[in-house]
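*Asks:* One letter stands for each residue in the lines below.
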Amino acid sequence: MDFVNAIILLLNYIFIPALTYGSQLALGAIFVTLIYGILRFANFATGDMMSFGTMMTILFTWYFQSLGVSLGVLPTALLAIPFGIIFMIFYMLLIDKFVFKYYRNQKSPPVQFAMVSIGVMFVTQAVVRIIIGPGDRRFFDGEKFIIKAREFKEMTGLNEGLALKSTQVITIFVTIVLVSLLFWFLNRTKTGKSMKAYSDNEDLALLSGIDPKKIVLVTWVIAGILATIGGALYGLDKSFKPFTYFNNMLPIFAAAIVGGIGNPFGAFLGGYVIAFSEILLTYAYKKFFMYILPESMEPSSLVQLLSTDYKFAVSFSILVIVLIYRPSGIFKGKVL
Amino acid sequence: MRKNLNVIAAYSIMMVLILMVGIFQSWNIALSIFNLCLISAVMTMGANIQWGYAGLINFGIMGYTALGGLAAVLISVDPVQEAWRAGGFDILMSLWLIVVMVLVIRFVLKRFEKSKIRTYSIAAIIISGILLIRFSAEPGIEAIEAVDPAKTGFLGGFGLPIIFSWIVGALFAGGLAFIVGKVALGLRADYLAIATLLISEIVIAIIKHEDWLTRGVKNVIGLKRPAPYEVDLQTTDWFIKLVEKFNSGKLSVIENLADRQAALNQLVIEGSSVFVKLCYSGLFLVVVIILLILTQKALYSPWGRMMRAIRDNEEAANAMGKNVVKQHLLIFILGSAIVGIAGAMLVTQDGLFTPGSYRPMRYTFLIWVMVIVGGSGNNFGAILGGFVVWFLWIEAAPISLFLINFFTAGIPETNALKAHLIESVPYFRFLLMGLGLLFIMRYRPKGILPEKIEIK
Chain A
1 MDFVNAIILL LNYIFIPALT YGSQLALGAI FVTLIYGILR FANFATGDMM SFGTMMTILF
61 TWYFQSLGVS LGVLPTALLA IPFGIIFMIF YMLLIDKFVF KYYRNQKSPP VQFAMVSIGV
121 MFVTQAVVRI IIGPGDRRFF DGEKFIIKAR EFKEMTGLNE GLALKSTQVI TIFVTIVLVS
181 LLFWFLNRTK TGKSMKAYSD NEDLALLSGI DPKKIVLVTW VIAGILATIG GALYGLDKSF
241 KPFTYFNNML PIFAAAIVGG IGNPFGAFLG GYVIAFSEIL LTYAYKKFFM YILPESMEPS
301 SLVQLLSTDY KFAVSFSILV IVLIYRPSGI FKGKVL
Chain B
1 MRKNLNVIAA YSIMMVLILM VGIFQSWNIA LSIFNLCLIS AVMTMGANIQ WGYAGLINFG
61 IMGYTALGGL AAVLISVDPV QEAWRAGGFD ILMSLWLIVV MVLVIRFVLK RFEKSKIRTY
121 SIAAIIISGI LLIRFSAEPG IEAIEAVDPA KTGFLGGFGL PIIFSWIVGA LFAGGLAFIV
181 GKVALGLRAD YLAIATLLIS EIVIAIIKHE DWLTRGVKNV IGLKRPAPYE VDLQTTDWFI
241 KLVEKFNSGK LSVIENLADR QAALNQLVIE GSSVFVKLCY SGLFLVVVII LLILTQKALY
301 SPWGRMMRAI RDNEEAANAM GKNVVKQHLL IFILGSAIVG IAGAMLVTQD GLFTPGSYRP
361 MRYTFLIWVM VIVGGSGNNF GAILGGFVVW FLWIEAAPIS LFLINFFTAG IPETNALKAH
421 LIESVPYFRF LLMGLGLLFI MRYRPKGILP EKIEIK
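Chains as they are written, first to last, in my numbering: chain A, 1 to 336; chain B, 1 to 456.
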């Protein structure tokens, strides 16, 4: 019976990784939800837009590295992110002007928007691959660990180590700051409130003098910030590969819908729901039980509910179940 | 005749393009493009039935294609006796458990009123059932996967001719569509799109990781063929004579007897692979034509009119006494079954089953581009879409290479930008597809050959 070790084990292998992954998903999910709530379509180009923002960040990171600029212990990418955001917003506005605006004026059905976003997805994927190539890129520099597993063991004298990567701390910290700012903006400022009103009832919002052009512009700006930061944090923590980003679109969609699409707070929590259930259901608990059970009751198998191969399938199954039993999501959606 | 002029013109242009590939590149490439065009055409017909006839959005095409491929494996591969002996019993027991589970759930659904307790108890039955199956099947699965893992490690199939799998693939895909349709068809269009996309990902995950059934990412290679093998053809007398006859003009120019024999051998090797591809083309063409006749008949039948009525105004059709839910489910199954046929055809042609190669870009979104570009609701349009888009998908790289060289002709080869562009030539196909889709949706939203319904 060794509860301290058991808790450290869970912290190290479940809680911290899930919190990090959940934060990355949450940013993407809020992006999806904003576009859905205000522009009213499911954006299939989500993953590729995030990879575009990340690509710009990487290019600036390389540029700063070649200049010899660095942030010391922090990754240089943090310095590059604002520039990445500017390019991302520019790209999104360009796409909106040449593609989405026409259909918005036509008042096309959401399905047509979704189809158009598939066209955008193809184009963005091509642009990213042509500029930076399809390969795996790591752009992390600076201090990798805040606490190393071995140091932790020496410090506390426990059997289990607790490793804390700096990217994990950065991800969680940035997400909390960004999301708090976003909710402050949506709930407290005039523009934010008018966005909510527009999402709730478009005609009524227009009647009360809200400028739709401004709303759309602000939405894309916020979307650009979220997409770039979410993508860059994921890339820093793991690595950047265009194909992975395209695939990440699926758990992000799952998070947005599970949380109630159109509801940013729901999307935020949805990210963590997906991340935690993916990791909780595919973790092998053998060692955990070895710590908390007496020796005679030690499990012989791995005590793993599902093999790690089904990681993605877990989140999709949750989504399918939510869609069937509660299509509006855990937190009622459709309104910002 | 006049009203079909655009159809004839579009198809003639397409044929000329493929013939040009034959003349300028090689007949092998032309025929492999043609074959995949035919397979794509079958897929687009399936998607077109769902989207064009009924307005149902199905982003799960990849899943049905993979199931069709799985059918090809399960039908044609010889059973692995040893694996059956090692773990067959456990697998059969698990199948029984699944059947029992489904029956129990059905019983609960029929017997009890809808309530929270019923929902929770069904969830409990499913979860405990899955756990039970997992634990009971585990030793069997491990035993099967341990049987000569480098070569087999799976149960194998039935050892039947692979052609049967085209029908079985349709049944598999239709069965999956029945389940998916029951679950997801009530959803709004964009939710349905996402749900089907994710369900198809789940299907792929299962196919990839259940090694005892599919060999997973270890792939199944060397499937039986409905067509002769090249190696056999190259030693067959009548085939050599045929090649000689075809190329008699070319051969008679060569004076030296040894040289002529060498040239003939070369021609026979080339000819054999062209001949095999022609066999496939013939088989695929038969499927496409049969499906085209059936779908055209369906389109102009009372049933087709009803489907269009449901598509255009669901509530009105419902008020007229049409069972919208049932018809949606039916058309979802039919369309998916056709996609399943295409999946089996694809694996038949390749002779191998690679679960890792099923990716949504290639098997879902590209098919949708085909349907939209070709013209949804019009079968000829959908087939044409399959041809045009597949042709461009393959030929995009050579075309863009040509264009890059053309526009950067003045720049030396060592220029970094030029080298980078030439290196990334394969990705221009995505650009071409995306721009093509965007332009068609903007300027010709009904596709190249729009839907035209005439009342006869």
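Just so you know, the hints here were simulated from the structure itself, not pulled from any lab data. Quick reminder that beta carbons are idealized off the backbone N, C-alpha and C, glycines included. Warning: the hint list may mix true and false statements.
Stated by the list, open to error - Computed Cβ-Cβ distance ranges for the label pairs, DEER-style:
{"#": "1", "chain 1": "B", "residue 1": "289", "chain 2": "A", "residue 2": "286", "range": "53 to 61 Å"}
{"#": "2", "chain 1": "A", "residue 1": "311", "chain 2": "B", "residue 2": "135", "range": "18 to 26 Å"}
{"#": "3", "chain 1": "B", "residue 1": "324", "chain 2": "A", "residue 2": "3", "range": "42 to 50 Å"}
{"#": "4", "chain 1": "B", "residue 1": "110", "chain 2": "A", "residue 2": "311", "range": "32 to 40 Å"}
{"#": "5", "chain 1": "B", "residue 1": "241", "chain 2": "A", "residue 2": "136", "range": "35 to 43 Å"}
{"#": "6", "chain 1": "B", "residue 1": "179", "chain 2": "A", "residue 2": "104", "range": "44 to 52 Å"}
*Asks:* Are any of the numbered hints broken by this structure? If so, which, sorted upward?
*Replies:* 3, 5 and 6
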